[in-house]
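Student: Next come the chains, spelled out residue by residue.
Number of protein chains: 2
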Amino acid sequence: MTDDLPNRLREVLDGRWASLRQSARDKLDDRFVTVPGETGPQARERISRLVRQIPAEVGVATGFPAEFGGAGDPGGSMVATEMLAQVDLSLMVKAGVQWGLFGGAVFSLGTRRHHEAWLPRIISGDVLGCFAMTETGHGSDVQRLRTTAVYDPGTESFDLHTPYEAARKDYIGNAARDGRMAVVFAQLIVGERRHGVHAFLVPIRDDAGAPAPGVTIGDAGAKAGLLGVDNGRISFDHVRVPRDMLLDRYGQVAPDGTYTSSIDNDTRRFFTMLGTLVRGRVSVGGSASAAAKSALTIAVRYGETRRQFTAPDSDQEIVLNDYLAHRRKLLTAVARSYAYTFAQEFLVRDLSDALAGGGEVEDRRQRELESRAAGLKAMQTQNATRTIQMCREACGGAGYLAENRLPGLKADTDVFTTFEGDNTVLLQLVGKGLLTGYRDAFGSLDGWGKAAFAAEQVREMVLERTAARTLITRLVDAVPKRGDASVGLTERGWHLSMFEDREKHLLEGAVRRLRRGAETKRDRPFDIFNDVQDHVLEAAQAHVHRIVLEAFTAGVEEATDPETKALLNKVCDLYALSTIEADKGWFLEHERLTPARAKAVTGAVNDLLTELRPRMAALVDGFGIPDAWLHAAILREEGDRQSSMM
Amino acid sequence: MTDDLPNRLREVLDGRWASLRQSARDKLDDRFVTVPGETGPQARERISRLVRQIPAEVGVATGFPAEFGGAGDPGGSMVATEMLAQVDLSLMVKAGVQWGLFGGAVFSLGTRRHHEAWLPRIISGDVLGCFAMTETGHGSDVQRLRTTAVYDPGTESFDLHTPYEAARKDYIGNAARDGRMAVVFAQLIVGERRHGVHAFLVPIRDDAGAPAPGVTIGDAGAKAGLLGVDNGRISFDHVRVPRDMLLDRYGQVAPDGTYTSSIDNDTRRFFTMLGTLVRGRVSVGGSASAAAKSALTIAVRYGETRRQFTAPDSDQEIVLNDYLAHRRKLLTAVARSYAYTFAQEFLVRDLSDALAGGGEVEDRRQRELESRAAGLKAMQTQNATRTIQMCREACGGAGYLAENRLPGLKADTDVFTTFEGDNTVLLQLVGKGLLTGYRDAFGSLDGWGKAAFAAEQVREMVLERTAARTLITRLVDAVPKRGDASVGLTERGWHLSMFEDREKHLLEGAVRRLRRGAETKRDRPFDIFNDVQDHVLEAAQAHVHRIVLEAFTAGVEEATDPETKALLNKVCDLYALSTIEADKGWFLEHERLTPARAKAVTGAVNDLLTELRPRMAALVDGFGIPDAWLHAAILREEGDRQSSMM
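Residue numbers (our numbering), protein chains in the order written: chain A, 4 to 649; chain B, 4 to 649.
Chain A with its partners taken away, still in its complex shape:
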């Protein structure tokens, strides 16, 4: 039955956490849906209230161990965050700060006594907290942040201090209004020794809401969006923090000041600490895609009813989705949304499975997951920014009105490209991991001297497939290398080998250039990497494109119903071919496409756009977003208006 096609699509997209997704749809009723056009104070008041009322079934705290009130399902908590993003992005960020970053840091960086003392109250929302890492002067290079925590054995406490204005904690969610506690990242100093960045659990307000002694809290003020999130600035004037408030899983300070850690190297230790917080990035990437799906649902549905201009042979006006240019924008974006949904699902599954082992994750595996989280966060947030912008424009003037939701989606998600890791920095991290085969992903987030050195040693790039390895190997092996004109344009094996080939070639080229630079630019070590920066970023993006296509390929296989599977295969064709088309400059330049075949790719994309035209509405319905959540006036009214017009 074609009629329930949206439901069948939704089942495939919902994946492993389908029941949790359905709980969110059921439990997050009208009360939780975003309110366009609020003032800042109204939004903060509403979100502050709602964040404590999120029904447990939604699962924001499901990642914590059962003994403290969770369900030991970290994948579920990432999915829950993503669902909140379709209801209200301020609510998602506020919840993400509370249970993801703040609670997550106490859990991941703290030890048993911290867990017992704090997790129940954090999980219940009785204690709202902040994640105070970023400073005004250091956002991307957090390893160099300037807040200090000097240990005093006499009082068995740390002296937490902000030495410069640029060292104040900045952009901190939950700080300006609601936070009572904060996990504060600071340089640990004992005597003459600096031990690098550590995390401290610090009360920042008393029960009445007044700042704690020595703590100064400012308001980050008006922002582009996320009006419901109270971002603030925190400074410390020699605040005394008791010794047991150091979150000491990775580094301990004895009463006499003796420092111990299972990880000797300060940098490596810090990046291990950061690594445990990878879930934040996963949640942001997933939330960005969730918001893009809201925007696409609004724009596609509007495009099904909005008419403009008559056909040459008719008095009937044409619906927007019938225009090729309109379809090209919207349908290719719908295909990308499907692709990212599968990529996100497999990332959450893999991360969840790795964590489920209970013990430590093998180093190389941990780094691959971190890299994938970073890459998918960057590409999903970039895609969301572009897609939501495009959807707002596709709705014309209506897309500029707050009542139609698109301005809020755009403004709220806008910060995602630069928070939880700036996208450029994250893609560099991905590139670096690839260049070194994850052998030395530690070191400063840039630290390109080392990467150049490691690249010198690389002999051959081996790409590791990330999903459905057997299937993908079979598909790729089934097409001739450097697929020629005889290979069908919709052969998945050809798409996969095009994506793999591009990534491999870009990486090998970068290695070659880094090697050459390492020889010729010994006196300008910064330039060795910097001159190749655009090349490395391109390689990182090609890598993400490849793992996304692998995930889409694997995801299609999970559809059991033939009609659904056939449709998903077409959507995957559109994703693969429109991605190749968008980068045809590279493929032509490197003679992976002949001019004739490049033109044929454009023709094939247009054919798919025509073929999928009747399925446009079903494809967005398949995202499974409840009507109440979409909350756009144009969807409620357009039908009536049209009927009175025709």
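Simulated from the structure, these hints should not be mistaken for laboratory data.
Honestly, I wouldn't trust all of these hints.
[Stated by the list, open to error] In silico EDC-like cross-links for lysine to aspartate or glutamate, where the CA-CA straight-line distance does not exceed 20 angstroms: (1) K332/A x D530/B; (2) K568/A x E614/A; (3) K332/B x E541/A; (4) K568/A x D624/A; (5) K332/B x D530/A; (6) K332/B x D425/A; (7) K332/A x D537/B; (8) K602/B x D586/A; (9) K573/B x E614/B; (10) K332/A x E584/A; (11) K332/A x D534/B; (12) K524/B x D325/A; (13) K524/B x D318/A; (14) K524/B x D534/B; (15) K332/A x D586/B; (16) K524/A x D316/B; (17) K602/B x D537/A; (18) K602/A x E541/B.
[Said to hold, decoys possible] Residues on chain A that point at chain B, a partial pick, calculated with CB under 8 angstroms: (19) E594; (20) P598; (21) K602; (22) L615.
Idealized CB from N, CA, C, for every residue including glycine.
Given chain A, work out where chain B should sit, using these hints.
Tutor: Chain B only, in chain A's frame:
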């Protein structure tokens, strides 16, 4: 002296209206500068007050004839609007509605008696008014709007009426709060005859601000930006409009209802009426570029002081602008800003010169100017949206804070891509004009049946050069056709011929496909054009790229000082080469670039980015935006913070 390089650049960029630009810089003091983080009501109150206080020297009304209080300088009024856009975009839109659209319609569509009765009070700001064209149901296809004006000879008045909800006037600036009058566009009906869309001058509020009898005014509500503009919705319930309130320059109704017009065809008459309003598009395009320049100035200056990550051989942190990827984004956008500045200057000059003739502008010339205005509006607003977004991201978290101005610039300009003509529709208009050689640019804005027919008759495309024709011909003739590898990558003649060749080939291809479609798709006339829509849009964009490069080439020639000229030539190289690089897929696909030369283009762009690195700050300083107008906290504070950090 290199020290005053910014001043010398500014002199060239300021162009013919340099003194007017300087007046705006001098007269628009702190009072007028935008206030980030205001609520909607605060912004409306402030802008409503300020719009009546704009000093005469700024020139918003300078386009009207001297006898009514202007200076007969329409170019000056467009430049004045553009300058306002750097101070406050709501103020620019509010002024644009009042003196550009409302006043402009009374002047262009009205006759002597309207001018004498109303222009002095409009120019002084005593009567604030609206331009009520767009309806909820018809924005792009305004020819089909539904408001009716039925003439009644008995009362010698029109019955102005909104027959459906979808026919209400929507998004109308000045309507929700301040407007007393409106120019209302409606279908004129006399007896059984419909005469197409005409404009009527209608009081919508009394002196106390209450809606006039039969007029219902609503508020468009919260918007993404432009909070200071009171956009509203107006409906008419059989409102009686006296006969002499028809703006009757192009169509007259005698007391007995006899209709006369110098233009027989209703469609042609309507498009002539629209054509007189082309200045609105010119102002929006210029304002978009002006706002992009504000954003670039903020991002480049911040990138000169903001440091992040240390170099491998140093403890000194690296300024953002030293990173290749950062420079690639910002400097190529600076080059585009220079390019669009010259293109806008030449458009305003040509339009101004055409209008200065006093009489009617020759048809073909009029259509070329309309097309250029449409194309440059589309490309400048698209570029502004992307550039401001990029600048906000280039400033990281700081770029998300209202105090740093970028969120406001983004949100305020966002509507430009879809108002005063949706960009897709405008580019179609450009494409259509090119395909028909401007022979039949009338007809419905799409009306593609006719365009396909006209295209059938096209034998050879002849491109008309728009600036410095002799110089450009000489440059193009100096390089071999289909420039081969022996031609230097920075030969302007090669760039010009690459741009021309692309446009010509795209147009010829579109003609060929339309002709073939006209034969094979006789039963599906809509598809004849629709199947080629993406191709036509691409041709239109290539056309705009070409006229922009021509303008840049001509603009560089106007620099008299050798150092300035040499620098502008480099910036022009960067514009040309980065534009070719961005579309290298096309050039390779059509064998205008070999793979080796395509790679060389990328190398040349990177070389230019390095070469221009020391001039980055001077290039944005050359935009000549007063510090007070930039109004971004990061520019005021970053210096202090850094000095305390280092």
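Student: The structure should be examined with respect to each hint, and the outcome stated for every one.
Tutor: Right, here's what the structure says about each hint:
1. Between K332/A and D530/B the CA atoms are separated by roughly 18 angstroms; this keeps the pair inside 20 angstroms, and the hint holds.
2. Annotation: proposed proximity of K568/A to E614/A holds, straight-line Cα distance about 15 angstroms (limit 20 angstroms).
3. For the proposed pair K332/B and E541/A, the alpha carbon gap of about 14 angstroms is at most 20 angstroms, so the pair holds.
4. Between the alpha carbons of K568/A and D624/A the distance comes to roughly 16 angstroms, so the proposed pair stays at or under 20 angstroms and holds.
5. Our distance criterion of 20 angstroms between C-alpha atoms is met by K332/B and D530/A, whose separation comes to about 18 angstroms.
6. Of the pairs offered as hints, the one joining K332/B and D425/A holds, with about 15 angstroms between alpha carbons and a cut-off of 20 angstroms not exceeded.
7. With a C-alpha separation of about 11 angstroms, the suggested pairing of K332/A with D537/B holds against the 20 angstroms cut-off.
8. The straight-line distance between the Cα atoms of K602/B and D586/A is roughly 14 angstroms, inside the 20 angstroms bound, and the hint therefore holds.
9. Using a Cα cut-off of 20 angstroms, the hinted pair K573/B and E614/B holds, with the two alpha carbons roughly 9 angstroms apart.
10. Proposed proximity of K332/A and E584/A is supported: the alpha carbons are some 13 angstroms apart, at most 20 angstroms.
11. Using a Cα cut-off of 20 angstroms, the hinted pair K332/A and D534/B holds, with the two alpha carbons roughly 15 angstroms apart.
12. Restraint check for K524/B and D325/A: the C-alpha separation of about 16 angstroms stays at or below 20 angstroms, so the hint holds.
13. Only pairs whose Cα atoms come within 20 angstroms are accepted, and K524/B paired with D318/A is accepted, the gap being roughly 19 angstroms.
14. With a C-alpha separation of about 10 angstroms, the suggested pair K524/B and D534/B falls inside the 20 angstroms cut-off, and the hint holds.
15. A hinted pair counts as satisfied when its Cα atoms are at most 20 angstroms apart, and K332/A with D586/B qualifies at roughly 18 angstroms.
16. A threshold of 20 angstroms between alpha carbons decides the hint, and for K524/A with D316/B the separation of about 12 angstroms falls inside it, so the pair holds.
17. About 13 angstroms separates the Cα atoms of K602/B and D537/A, which keeps this hinted pair within 20 angstroms; it holds.
18. For the proposed pair K602/A and E541/B, the alpha carbon gap of about 14 angstroms is at most 20 angstroms, so the pair holds.
19. At its closest, the beta carbon of E594/A sits 6 angstroms from a beta carbon of chain B; the interface hint therefore holds under the 8 angstroms criterion.
20. With its C-beta approaching chain B no nearer than about 5 angstroms, P598/A sits inside the 8 angstroms limit, and its interface hint holds.
21. At about 6 angstroms, the closest approach between the beta carbon of K602/A and any beta carbon in chain B falls short of 8 angstroms, and the interface hint on this residue holds.
22. Against a cut-off of 8 angstroms between C-beta atoms, the interface hint on L615/A is violated, since the closest Cβ of chain B lies about 16 angstroms away.
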